[in-house]
Amino acid sequence: MTLFIEQCLNGLQFGLLLFLLAAGLTLVFGIMDLVNLAHGSLYMIGAYFAATFAAWTGSFMLGAVLALIATLIVGMAVEVIAMRRLYGRDHLDHVLGTFGLILFFDELVRLIWGSEGLSLPLPSWLNTSVQILPGVNYSAYRLAIIAVTVAVAGFLYVLVMRTRIGMLIRAGASNREMVGALGVNIKLLYTLVFGLGAALAGLAGLMQAPILTVQIGMGENILILAFVITVIGGIGSIRGALVAAILVGFLDTLGRAFFPDLLRMLLSKDAASTAAPALSSMLIYLLMAIVLVVKPEGLFSASHK
Amino acid sequence: MTGPLNVRNIATVALLAALVLLPVYVQLGGDRFMLTLFTRIIILALAAVSLNLILGFGGMMSFGHAAYLGIGGYAVGMLAHEGVLSGFVQWPVALGASALFALVIGALSLRTRGVYFIMITLAFAQMAYYVISGLARYGGDDGLTIYKRSEFFAPINLSNKVQFYYVCLALLYASIYLVWRLVNSRFGMVIQGSRSNDMRMRAIGFPTYRYKLVCFVIAGTLCGLAGALLANHTDFVSPGIMYWTRSGDLIIMVVLGGMASAVGPLFGAVALLLFEEFLPFVIKLVGTPMFGDAAGRASEYWQIIMGPLLLLVVLFARGGIDGLLSQMHRKVRS
Numbered sequence: 006m007t008l009f010i011e012q013c014l015n016g017l018q019f020g021l022l023l024f025l026l027a028a029g030l031t032l033v034f035g036i037m038d039l040v041n042l043a044h045g046s047l048y049m050i051g052a053y054f055a056a057t058f059a060a061w062t063g064s065f066m067l068g069a070v071l072a073l074i075a076t077l078i079v080g081m082a083v084e085v086i087a088m089r090r091l092y093g094r095d096h097l098d099h100v101l102g103t104f105g106l107i108l109f110f111d112e113l114v115r116l117i118w119g120s121e122g123l124s125l126p127l128p129s130w131l132n133t134s135v136q137i138l139p140g141v142n143y144s145a146y147r148l149a150i151i152a153v154t155v156a157v158a159g160f161l162y163v164l165v166m167r168t169r170i171g172m173l174i175r176a177g178a179s180n181r182e183m184v185g186a187l188g189v190n191i192k193l194l195y196t197l198v199f200g201l202g203a204a205l206a207g208l209a210g211l212m213q214a215p216i217l218t219v220q221i222g223m224g225e226n227i228l229i230l231a232f233v234i235t236v237i238g239g240i241g242s243i244r245g246a247l248v249a250a251i252l253v254g255f256l257d258t259l260g261r262a263f264f265p266d267l268l269r270m271l272l273s274k275d276a277a278s279t280a281a282p283a284l285s286s287m288l289i290y291l292l293m294a295i296v297l298v299v300k301p302e303g304l305f306s307a308s309h310k
Numbered sequence: 534m535t536g537p538l539n540v541r542n543i544a545t546v547a548l549l550a551a552l553v554l555l556p557v558y559v560q561l562g563g564d565r566f567m568l569t570l571f572t573r574i575i576i577l578a579l580a581a582v583s584l585n586l587i588l589g590f591g592g593m594m595s596f597g598h599a600a601y602l603g604i605g606g607y608a609v610g611m612l613a614h615e616g617v618l619s620g621f622v623q624w625p626v627a628l629g630a631s632a633l634f635a636l637v638i639g640a641l642s643l644r645t646r647g648v649y650f651i652m653i654t655l656a657f658a659q660m661a662y663y664v665i666s667g668l669a670r671y672g673g674d675d676g677l678t679i680y681k682r683s684e685f686f687a688p689i690n691l692s693n694k695v696q697f698y699y700v701c702l703a704l705l706y707a708s709i710y711l712v713w714r715l716v717n718s719r720f721g722m723v724i725q726g727s728r729s730n731d732m733r734m735r736a737i738g739f740p741t742y743r744y745k746l747v748c749f750v751i752a753g754t755l756c757g758l759a760g761a762l763l764a765n766h767t768d769f770v771s772p773g774i775m776y777w778t779r780s781g782d783l784i785i786m787v788v789l790g791g792m793a794s795a796v797g798p799l800f801g802a803v804a805l806l807l808f809e810e811f812l813p814f815v816i817k818l819v820g821t822p823m824f825g826d827a828a829g830r831a832s833e834y835w836q837i838i839m840g841p842l843l844l845l846v847v848l849f850a851r852g853g854i855d856g857l858l859s860q861m862h863r864k865v866r867s
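Heads up: the protein sequence lines correspond to chains A and B, in order. Just add 5 to wherever you are in the first sequence, counting from 1, and you've got the numbering used here. Just add 533 to wherever you are in the second sequence, counting from 1, and you've got the numbering used here.
Calculated directly from the structure, the hints in this document are not laboratory data. Be a bit skeptical, because a hint or two may be false.
[Claimed, not checked] Covered stretches of chain B (chain A as the covering partner; in silico rule of three or more C-beta atoms under 8 Å from a C-beta of chain A):
(1) 772 to 785
(2) 803 to 813
(3) 837 to 846
[What the hints assert, rightly or not] Every beta carbon over 12 Å from chain A, so not counted as near; a handful from chain B, in silico:
(4) 588
(5) 596
(6) 644
(7) 647
(8) 655
(9) 656
(10) 660
(11) 662
(12) 664
(13) 687
(14) 726
(15) 768
(16) 789
(17) 792
(18) 856
What you are looking at is a predicted structure, and each value in this text was computed from that prediction instead of being measured. Just so it is clear, CB atoms sit at the ideal spot from N, CA and C, and this is done for glycine as well.
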């Protein structure tokens with residue numbers, strides 16, 4: 006039972022982390038109609054920045070804040086230099102162009118930081134466990150991730166639904182020419198939105214950094230998960246991204262933890278241990294397939310066309 | 534007006550002939566490595582030609598095409614691992630498995646369009662990647678060594694490098710011919726019509742979903758053949774051959790070569806792989822007199838040039854090499 010609660014919290018934490026990535030992806034797609042494969046690179050860069058700045062300043066928090074700002078700046082620079090030229094083009098151009106950016110960033114990181122991974126040690130006050138229920142201890146850091154992501158989700162909700170910038174973002178998503186015609190600086194708005202998406206990806210990266218090693222290619226696997234989430238949740242919908250991210254986080258974590266045992270009950274021990282790793286990694290894709298059959302536009306489709 | 538004698542056609546024929554003559558050059562004392570390199574180029578060109586059928590002519594932006602390379606390759610590898618060496622079993626299984634996977638994936642993903650389609654094909658291909666990585670019996674992450682190549686009847690011996698080269702080349706040319714015939718048939722017209730305007734095609738009574746699905750399955754099957762060849766070529770198969778960056782490479786080949794022709798992807802594959810192979814040398818050669826040792830180090834990081842270059846191709850040379858050749862023709866005439 007303890008294990009189950011722990012795994013549920015792990016699932017929630019992973020799901021919320023994925024939400025940060027998927028939210029940026031879906032925001033950029035919903036507003037700029039841009040498929041950004043390089044989103045995972047920004048996640049990776051956030052993690053590298055955090056590890057570097059934390060080592061320089063000697064403070065985890067200061068390093069994290071600096072990394073967040075640096076990723077935001079990198080994101081806006083990428084938008085101004087490259088992405089801006091891709092708007093309004095074919096999706097195939099987006100895919101190819103941002104694929105080129107992935108190659109570039111992977112190699113740039115190798116050039117600056119080398120091929121070996123970095124690690125980001127946790128400060129002692131986060132590297133403990135907290136008693137959440139009588140007899141159940143849970144990592145303080147993972148709880149902190151949950152708290153931060155919930156706060157960010159709330160911030161995003163307020164930003165998009167309750168502020169003037171959010172209003173412009175939503176207006177830009179439904180009709181960009183009209184917003185531009187009304188005198189809004191749409192270029193600046195796009196740069197800001199892209200920077201926001203980059204910062205969200207960077208935040209996910211820097212928070213994941215102490216749990217995993219910081220290495221080249223770390224953004225690629227998680228990017229695919231973020232894609233699955235945006236497809237399940239409906240492209241362009243932040244609410245959909247949240248629901249789908251938590252679903253995927255739970256399914257992936259619980260699947261890996263308990264599916265092998267479940268399989269062992271059904272099959273012989275030998276067959277189960279052969280098939281389990283392969284099958285448990287399929288679960289989220291099966292979920293995606295089911296959603297596609299039932300609702301091809303995703304659970305919360307933004308465009309009601 | 535494009536007569537039979539224009540820059541594009543001449544370049545095409547020259548490339549096709551050069552590929553036929555390459556082993557002769559190698560036999561006459563050329564670099565033996567060229568044979569291995571070009572066998573690889575030809576196999577990947579076959580995969581790119583198959584992708585172009587759906588991407589270029591069908592407008593279906595599949596980002597999971599490398600999955601079939603893996604499925605075809607693993608069909609050969611797994612059967613060889615279990616002691617089934619006959620190519621008459623291995624290859625049909627490779628084709629059949631790829632076709633089946635394409636049927637399932639296609640049936641699901643063709644329900645959607647545009648960016649959904651890109652992401653879904655990508656996700657399903659990654660699923661296949663993870664499943665294969667999880668198969669401990671067949672090497673898992675580390676891959677599977679193939680100790681004997683597929684066996685066919687007496688005169689054909691795939692272990693002979695020159696013979697294997699010609700088998701690959703013949704299959705590539707046959708595939709290009711097949712794709713060319715296909716896109717110019719009634720079936721191909723429906724596919725291309727649906728790329729331009731799917732709703733209109735349906736309105737005049739074509740069940741485009743079924744047409745596209747068949748097209749998707751044909752492309753997957755052809756790519757599975759490339760996978761079987763690739764496994765035989767490297768005598769090894771690992772999940773790496775179906776990683777999503779490989780799908781990206783295939784798309785690059787198609788776009789680089791030019792999507793509007795059946796031969797285009799061959800140009801793209803030759804250009805991309807030669808570029809990959811020789812760019813580090815070129816950086817070293819050109820850079821060393823100017824920058825000294827730094828150029829040698831920079832040549833290790835050649836992808837840093839490759840990435841932005843790709844972006845530039847996307848921005849400024851959409852027609853690809855094929856388009857460029859046609860343009861040259863037009864300039865010469867005017």
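For each hint, the structure was consulted:
1. 772 to 785: With 5 residues close enough to chain A, the hint holds.
2. 803 to 813: Violated: only 0 residues of the segment 803 to 813 of chain B have a Cβ under 8 Å from chain A.
3. 837 to 846: This one holds; 8 residues, not fewer than the three required, reach chain A with a Cβ under 8 Å.
4. 588: At roughly 8 Å from the nearest Cβ of chain A, residue 588 of chain B sits no farther out than 12 Å, so the non-interface label is violated.
5. 596: Its Cβ does come within 12 Å of chain A, the nearest being 7 Å, so this is violated.
6. 644: 5 Å, violated
7. 647: 6 Å, violated
8. 655: With a cut-off of 12 Å, residue 655 of chain B comes too close to chain A, as the shortest Cβ separation is near 6 Å.
9. 656: The claim is violated: residue 656 of chain B sits with its nearest Cβ about 5 Å from chain A, within 12 Å.
10. 660: Given a closest Cβ separation of 4 Å, the condition is violated.
11. 662: 9 Å, violated
12. 664: Label violated. Min Cβ-Cβ 4 Å, cutoff 12 Å.
13. 687: 38 Å, holds
14. 726: 18 Å, holds
15. 768: Given that every Cβ of chain A is farther than 12 Å from that of residue 768 of chain B, nearest at about 24 Å, it holds.
16. 789: Given a closest Cβ separation of 9 Å, the condition is violated.
17. 792: 9 Å, violated
18. 856: 14 Å, holds
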